[in-house]
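Undergrad: Take a look at the letters that make up each chain.
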Amino acid sequence: MKRTIALSINGKSHADEVEPRLLLIHYLREMASLTGPHIACETSTCGACTVMLDGKAVKSCTMFAVQADGRKILTIEGLATNGKLDPLQEAFWNEHGLQCGFCTPGMILTAKQLLNDNPNPTDEEIRKSIEGNLCRCTGYQHIVNAVKAAAAKAGA
Amino acid sequence: MATTTTKPETLFGKKIRRREDPRLLTGTATYVDDIKMPGMHHACVVRSPHAAARIKSLNVKPALARPGVAAVFTGADVKDLGPIPCGASLPGLRTPHHHILAQDRVYLVGHPVAVVVATDRYIAADAVDLIEVDYEVLPAVSDPEKALAPGAPAVHPQWPDNTAFTFHQEGGDITGAFAQADVVVKQRITSQRLIPTSMETRGVVADWHAGDKSLTLWSSTQIPHLLRTLLAGILGMPENHLRVITPEVGGGFGSKLNVYAEEALMAFVSMRIGKPVKWVESRRENFLCTIHGRGHVDYFELAARRDGTMLGLRLKLIQDLGAYHQLLTPAIPTLSVLMMPGLYKFKNISADIVGVFTNCTPTDAYRGAGRPEATHGIERMVDILAAELKMDPAELRRKNFVGKDEFPFQTATGLAYDSGNYALPLDTALAEIDYPALRREQQQARASGKLMGIGLSTYGEICAIGPSPATPAGGWESATVKIEPSGKITVMTGASPHGQGEETTFAQIVADELGVDIDDVVVLHGDTAVVQYGIGTFGSRGTAIGGTALYYALQELKGKVKKFGAMLLECDDVALAGGKCVDERTGKSVPFAQVAAASYRAMKLPPNTQPGLVATYFWEPPNFTFPFGAHVVITDVDRETGQVSIRRYVAVDDCGKIINPLIVAGQVHGGVAQGLGQALWEQAVYDENGQLLSGELTDYALPRAHMMPWIESSHTETPSPVNPLGVKGVGEAGTIGCSPAVVNSVVDALSHLGVRHIDMPLTPEKVWKLIQGARA
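Chains as they are written, first to last, in my numbering: chain U, 1048 to 1203; chain Y, 29 to 804.
Source of the hints: derived by calculation from the structure; they are not laboratory data.
Covered stretches of chain Y (chain U as the covering partner; in silico rule of three or more C-beta atoms under 8 Å from a C-beta of chain U):
id	stretch
1	59 to 66
2	226 to 232
3	277 to 289
4	689 to 695
5	727 to 734
So these bits of chain Y aren't anywhere near chain U, every CB distance computed over 12 Å:
id	residue
6	P124
7	Y163
8	G782
Okay, derived cross-link-like pairs now, EDC-like style, lysine to aspartate or glutamate, Cα gap no bigger than 20 Å in a straight line:
id	chain 1	residue 1	chain 2	residue 2
9	U	K1195	Y	E740
10	Y	K42	Y	E531
11	Y	K64	U	E1077
12	Y	K89	Y	D132
13	Y	K303	U	E1077
14	Y	K43	U	E1137
15	U	K1049	Y	D148
Keep in mind that this is a model prediction, so the values were computed, not measured.
Ideal Cβ positions, reconstructed from N, Cα and C, are used throughout, including at glycine.
Isolated chain Y, as found in the complex:
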């Protein structure tokens, strides 16, 4: 372990209030829509109202005649740019050419057809209504299983079976496992389409500088450097002529881990009109044109012995891809396969994915990205098996957990779980609620006609994504630390936080390692002209990989500081403490500012040492990290209305070592809210023509304050051996652990009525019908 974690006076593990907050609390932070520039124009995008149609004609003249309209561009203007990239590669993957603007055909509602540029956003919006598009409407398909049926409308005419790819993965001896089984339980389980809904929609400002043929692009993104590289490719521009800046970003949850048409389109527009241009997504556009998440239909079969020993798991996974591949679309369900054994030690799995085109918004990474779907599946299946075997669901889990002395544990899906003690969070959570007493209470409740459920999920997740061979674009992260000539410290991280608080967490790491005041540290991110190349913030990687890169950069820097300190103190070695270099033999010391000044003034240099105090480190992780935990949910179901009430929500999460408990708690709460949203309320609903019916916040049930239960959150701390900080990551844990615990609880409440499974969201209507069905 790093010494930082054990020194009593360190900031590691302390509730430090966030250093990014003052600007956010006073309304002075700069999000994309806050950027104003002289001569800036505003763009509005004309979008298809149809899910599938041929564009017969397009008349932009009435729009161009509107005073204030500077330009209108259509598919013909941008046909040579692009395509919008997909970074995922799978054998035999069919990838439709994804133009920035539709050419002669549209494939989904919201498909961009033209862009209007005007001096004012009201004029641009007016002019959108003046553009005449004549569509020949074609049949569309929005349900992935219907899309696979013979005779379904072809989303892309060249691929009439609507199949983008099939993928098979197998581990161990699945046939043998099922042959040995005393019992096999089967269930179709869906993970419905969700809309990520960051509070800030996407937005782009592009500013072309004709003089030096360079472009500055502000975008609300999670991946500034990758965006720059990929955008340069789309535009055919040298990468070093492009600067991407992510100002304040108002949430992402995976939806901004992408490269979108509008980013390339605004760059193109600015180059054509020679002025800066801004586009800010409306919420309606955000629901139609920013990626969705989930969209699974899963068929599970779990084989077990009569004594509860799980032997093997089969999965047929139908992934609704939508009409196009965005950056990682086809790769997301492969993460589900990796995670499908959960925390259990059975070694036989088989998975078949079918990736299906539909005339819908592309799916891609949304908080958890493939892992919530897998966890929901295995945790539902374990409960279904427990019911079949009449075993206690907690006992069945304990029986099958990977044991705490079996790490590193090789899974049937090819992973090496780093560390864990899987029974501990479960036992902690069950003790917290007094499980035996609750089971007795449940018996009494049933006897008096009340419906009460106790649901568990014991989840694992794949975090710190992740070693480069497992990613499409490199899975390392970078950090630079500079001690400025005045002794102040500047960090530049390749991570791109957007609410996760790394300006604080990283400053804590620096303060501990260098022994300086946290107020002397500034953390910069999100500007490709300022920060060395980086990967970005997603997949619970910011601290586990970005923080580790920073840790190693600090070790290098400390070495150099010590050399200068020893030179100034005229000794062999010094210690760093309290913002000083100290000669421990004599007690003499020299403050950092003086060491820094000497290093830059460079009147004298230590042997083989360059002037200045800067260190950069690119850290390649040797493995993922594997956080885990147990969530326990107690529900009461109203027999007359089907309404589910959460009486208690207990989350015991193990994300390894915790740097800032305040921030970690916030991540857990927010994650649970999104998991609960999926379990109870949220759903992207399409009609059979591919119209998104839940297309505004008025129709999409996002959790509100009065809908949320109190979350009783606590932690066990099993350090990760993968990095010297011992951290694992916590961004997605709440979401992954939540939904199966809630559904297990409601199914448990209704189990004596013969209910075995309910698909999400657990709307009162759905639950009420099940209760009524049992009565009939």
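Next comes chain U alone, as it looks inside the complex:
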């Protein structure tokens, strides 16, 4: 029944035997021992489980681990380089773009995708792009500020 998958997570190779029904989020958390991607809805409505798959932000609760076979995954744990925070992480910190922090990893990776696609987004474009990520703490305002600040820094 089990299938072997081989994939890269945050630049490291992983190979594991998994049940075909195993969700990617459970694979990442239970087998790859990551704690950044979170589970908050199981219905792909909240985005707390967002990771980047081959450079695109995806909700890992809506994919099977076997679908990630042969692909490259980036989670929040892999975003900082050599201990230096990504400009988005730094901006979320400076702008108080998080409170309880539970949505934050997914929110930052979705914002990462936005800035990859559109380095100078308007407020409206930022709000539209993160609408699939729920935050119950911040009212989103400081998140919008953080994404703007990160964009401005990258453009500077």
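With chain U fixed as given, assemble chain Y onto it according to the hints.
TA: Just chain Y now, kept in the frame of chain U:
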């Protein structure tokens, strides 16, 4: 005032970025679901699909036969444990026995019936489907007013009237007030049921140590110490054999200010299987089994003179309690009564609460807890009165405000408002939007057929909850400050922050008081084996009470530091500055690290002084604090669709002195988002059989980024005299101020069509129907 607030070089009032953030930003924080232990099992709970039913039979054998299933427990296994406690006491309160697992009957959808324990969470979930429960479905009731009608199905058969309690409170001369009145306005106003929806659901890990008969329990809770005390009672275990740890908590909003069946159940399971066990709530379970908020039907009557002087307020409050009392369920509507006069000085009130059982999830404290409902009521009633008297709603409010020189102000509900200047935030907000110009614009808009509204709310709230006599479990908070032998500082707070940023705010207080670098301070919380007894974080109390306890602990500690400093410098007295003890006469100084080392090395001690540098303070507040503010909302309503758009949202809040403006802004924004959620989108919808139709995030309209307006937030600062920091609390302000301002604005937009009131949420369908009704 504390000297800290006036020293120019202090951190008080500075935008300090949060010290808790690096772990959260890198995905390395530990929430309950991140805990892994050798031999850990996973639990899944079997829950009732019916709102009312008798359990005729229960067959767990097929589940036990599934490889990987370690155990299944049912109601019979836990019948002697418990009950789940209710901390509220009201005269004549009927409290149903709340078992950890259902016995022979279920009372709501989601009622736990059995628990499956397996080596893997997928196997546990599989095995849940193998458990056969034969239910005899019984009639259910989900609407509180229908539950009160004669012949309604009895939620608990022993109480056929579905009434858990009635409660009456009166102040002043309500009959006289209504007799004198020129005008009385009446309105039925609902505050719909809401689902708190912290992004992290609840979760529990329990680990029994048979050798010393002790249990460690990790839970996503706002109240670790109270949970430990109450859980020890449920389990019949000595409290000191139980350690409760709250790791990172992903939001609570009141929903984790509770003691839940699963906390006791996981403790029981771990003790029975002799292994650690984890249960993490699914979102569906979170919607069914974690408390809901609000659930009011309120009948208001406001009496006034023709000149706008408000004389008295009557309230009949029907509180939907749900099927059981959770920790504070029956107490929440009593907070509504306390808050019902709002910021106004009339002295005559009368309130009658009926607490009603329904076959629904229990209601309890959700952000604001009783105060948003009261504020929504009084602020709607003031607008309805203004319309009746054809007065400007701002003018009517100003006329009735408690004056700024009338503090402390005794309310008809028995409170003493601490300080305030209620007209100031209103005037500030109205100046910000240029109110007269907007009213002119509104006239023009109406003339051209457009619907535009201007809505105000001037709210007050009861924060820093709160003096012990007003609470079920003690309303103080505790702090310990230690200067370690190396001079570094460790704080242990009894508060239990879960997003509020007190690791930062409290470090700011320490840095100011001791004159040390903020990076030398660590703030610990949420572990009953590490932190002295504490109460927890809720009711906007963390900084106002926990921060004050810390402030007083620091004063004690400073006294001791000075003694050691003076001993080392061989002088009578020293000042603390820049991480040093300084002899101001000679300019000689000794760094903290050296003072600390000397205090622990203890080669020599000052007279009557113990070694070490530790101080603990339990602070009992003499009063609540009473923040206030004004929110002004400008809306445009689409005539063709009923869609409400918020053009501007202006919030002027007064939460007393502000320690960290960044954190305070975040609290206001988040609070407004939850208030706006109630005003426009969110609603827990039950059908007549007690099925929760909005039972997933797919069906419950939580605010998303593109739905939120820009919030223009500013502050006035009226210090509280209740504590030396002058702070009042800000966690709930946004939520309390928001919903009436939004509804007042939309009613204002439609008022010329004859619309006087709209109940929340203001869905396009509801608004469109009102517009169509006016056209007909």
